[in-house]
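Since chain Z is already given, all that's left is putting chain L on it; use the hints.
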Amino acid sequence: MATPPIRNTAAGPQAGSQSGFVYLPLIAGWLIPGAGHFLLRKWYRGALLAASIIGMFALGLAMQGKLYASAHDILDLLGLVGDLGNGLLYIIGRAGGLGADSVQVTVADWGTRFIVVAGMLNVIAAIDAHNLRTGRKAL
Amino acid sequence: MINPSHFTAVVLFALFVSIVFGITMRDTPRRMVRYGLYCFAMFCGSAIVLSWVMFLIAR
Chain Z
1 MATPPIRNTA
11 AGPQAGSQSG
21 FVYLPLIAGW
31 LIPGAGHFLL
41 RKWYRGALLA
51 ASIIGMFALG
61 LAMQGKLYAS
71 AHDILDLLGL
81 VGDLGNGLLY
91 IIGRAGGLGA
101 DSVQVTVADW
111 GTRFIVVAGM
121 LNVIAAIDAH
131 NLRTGRKAL
Chain L
1 MINPSHFTAV
11 VLFALFVSIV
21 FGITMRDTPR
31 RMVRYGLYCF
41 AMFCGSAIVL
51 SWVMFLIAR
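Protein chains in written order, with the working numbering: chain Z, 1 to 139; chain L, 1 to 59.
By construction, these hints were calculated from the structure, which means they are not laboratory data.
Even for Gly, the Cβ is constructed at its ideal location relative to N, Cα and C.
Hints are all accurate, no fakes.
Derived Cβ-Cβ restraints for the label pairs, each shown as a range:
hint, chain 1, residue 1, chain 2, residue 2, range
1, L, Val53, Z, Ala95, 41 to 49 Å
2, L, Pro29, Z, Val22, 24 to 32 Å
3, Z, Ala95, L, Arg59, 44 to 52 Å
4, Z, Leu24, L, Ser46, 33 to 41 Å
Okay, chain Z solo, but in the shape it has when bound (with noise of 0.2 Å):
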């Protein structure tokens, strides 16, 4: 049996009166950190949100950690799909030859973490963005 989506009343009007392709911040916040959140007109979250996985990101890199590549084994395919979840900064990151190829002192495996965490921590807010879009979530 279907359950019926939860919509908050809270969200008011504006949530359900929204047009267009309700996935779109959903996929725009993975894509970009904070996207999401800004077409929603939700600016000071949005940028908090980007300042923070976008800032995580690049500690991660400066710290030398690790851009997964290929999955090897089952814990290379977890950082792998954490990785995934930065969206347009790990296309670039590979790209750009970003990261390090392997991980050789204790500071570069905290910014492999950096990254796989940015990656997941991207992935809440793009959901959250979809959320808010619905009116699951108060706007």
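Just chain L now, with coordinates in the frame of chain Z:
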């Protein structure tokens, strides 16, 4: 390449994650700030406590 201390890395990690958690997990700005501060304190506090525990175990 930057080379932060372990504690600096923890504080930076806690800062960024707390901001995202605060914004995404709560509805109103006031509750967002409170939850973000709570997460930040928990991240940093647990790191300090666990560090002391490991230090005392290692002695």
